[in-house]
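Going line by line, the protein sequences match chains A and B.
For the first sequence, this note's numbering assigns the number 1 to the initial residue and increments by one for each residue that follows.
For the second sequence, this note's numbering assigns the number 1 to the initial residue and increments by one for each residue that follows.
I should point out that these hints are in silico values taken from the structure, not numbers from a laboratory.
Keep in mind that a hint or two might mislead.
Given that identical chains are not distinguished, each listed pair holds provided it fits within a single copy or across any two copies.
[To be verified] Under the rule of at most 20 Å between Cα atoms (straight-line distance), these lysine to aspartate or glutamate pairs were calculated in the DMTMM-like manner:
(1) 245 with 83
(2) 102 with 130
(3) 27 with 83
(4) 50 with 71
(5) 152 with 191
Bear in mind the structure is a predicted one, so any value in this text is a computation, not a measurement.
There are 2 protein chains.
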Amino acid sequence: MIILDGKKLKQEILDELKEEVSNLLIKPKLVVIQVGDDPASDVYVKQKGKMAEYIGYNFEHIKLPSDILEEELLTLIDKLNDDKEVSGILVQMPLPSQINAKTVQNRVIASKDVDGLTDINTGKLVHNNDTLISCTPMGIVDLLKEYNISIKGKHVVIVGRSDLVGKPLINLFLNNDATVTVCHSKTNNLESITKLADILVVAIGNKEFVKADMVKDNAVVIDVGINRDNNKLYGDVDFSNVSKKSSYITPVPGGVGPMTVAELAKNVLKAYKINRH
Amino acid sequence: MIILDGKKLKQEILDELKEEVSNLLIKPKLVVIQVGDDPASDVYVKQKGKMAEYIGYNFEHIKLPSDILEEELLTLIDKLNDDKEVSGILVQMPLPSQINAKTVQNRVIASKDVDGLTDINTGKLVHNNDTLISCTPMGIVDLLKEYNISIKGKHVVIVGRSDLVGKPLINLFLNNDATVTVCHSKTNNLESITKLADILVVAIGNKEFVKADMVKDNAVVIDVGINRDNNKLYGDVDFSNVSKKSSYITPVPGGVGPMTVAELAKNVLKAYKINRH
């Protein structure tokens, strides 16, 4: 069993980007908009700021009160869309209930949509056109490629169908010639399907949900879950038992999480280039 | 075994639309652009014209020489996008090789994209927002619903991953709470996967490719193939043998094909309403 070391690959990616950015006269700039005081969001935004500082990106964290109106948020995004200094715009989820998240995400201009969440970038991914793609799915595929795990012709089973992870993964894996199955909360006999997976991706946010008897021998197991319990992090996979029968597996933490940050870093530079073009 | 009668349902849909359109003072208008002289395209455009005439839509068939430049085609689309008389614009595929089909399809404004092929409408479908959706996939789901075949929790296996059929079907079925598997030319052990299907959809364009031993007992079988051989039409499914073990099956012709025309008719009225809004 080999552990897929996302932390190590992240560092390599950041160092490459740092090198490239050191040669740029005008630096890329990432703007993160946070609404309200969700503590998990604070952690994520801080990670993004550290990443930006390390690489040499300009970084702005705009923190807004939780009672802000949707219209005010949209006006802010319009301003950032037009701002030539801004390469990438990221709206940290979750948003308070008076704000429609889809409306807000789609207001970000496609060329600065470093989360790959706009309808237009999602459609481009489906049609296999080069675009800004959601960070976690890209991180998963890059991690597999780093370890020379072939995807073509493999049966990939994705558990979870979120807009951020599950759905873009379908298309990324299809574009890499995998056979893809998507399962979710309405799936019958889930374990009969997860057992078919050559590559199993779990992204449901349910602590250690996937047990060893749900996994085929020698499967590659990708755990996207980040579940906090008593200040400790757990994945969606029962690592200690599943790791015994898998060929490759991601740890939590240190697997997919760091890759998400690395891919965001890549997207900021990509967006910078698109906007300078 | 019950035959899913797309021809009958198409007629019902067309009659409903005809009734609704008879009450409109300004009629919806469908414009079909055809480039070159592909004989199959001639047939398809003619079908669309007949549908429009039956319902009472205005219809314009713009036939362009096969050596037209992409730029000229894009200028024409811009003009139709701006034309308030035009509700829906459809560019008949295939296009000659000097023209980039994706560029052309994406030039159609989303609100007139009755084929549901633009990046933005594709992204909206992925995100389960109401939009204009590709006609054949919509026709398949409507046909299943007409016969009260439940989709939720069912394992749907789609063979074929085209932008027009396979890919939008993934999202339509996911949005209806099915577990979805997508197979294609790079899939290993295809029959081991097709045999899992509660609902099997085949859209590969390969005459009678799916044999009885690839299908589970009592499966619902949807045949999207239209293969011409000696002036006779064949599906992608070996109907005479597969029909013996399936619970429901679509014939070719008379199954999915008519539904595609019916859904186009629905999209034209939907686009009309969006544009009048």
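Evaluated hints:
1. 245 with 83: Answer is neither: 51 Å inside a copy and 62 Å across each miss the 20 Å cutoff.
2. 102 with 130: Classified as between: cross-chain Cα gap 12 Å, same-chain 22 Å, threshold 20 Å.
3. 27 with 83: Answer is within: at 14 Å inside a copy they meet the 20 Å cutoff, but 43 Å across does not.
4. 50 with 71: Neither. Shortest intra-copy (30 Å) and inter-copy (46 Å) distances fail the 20 Å Cα cut-off.
5. 152 with 191: between (23 Å within a copy, 18 Å between copies)
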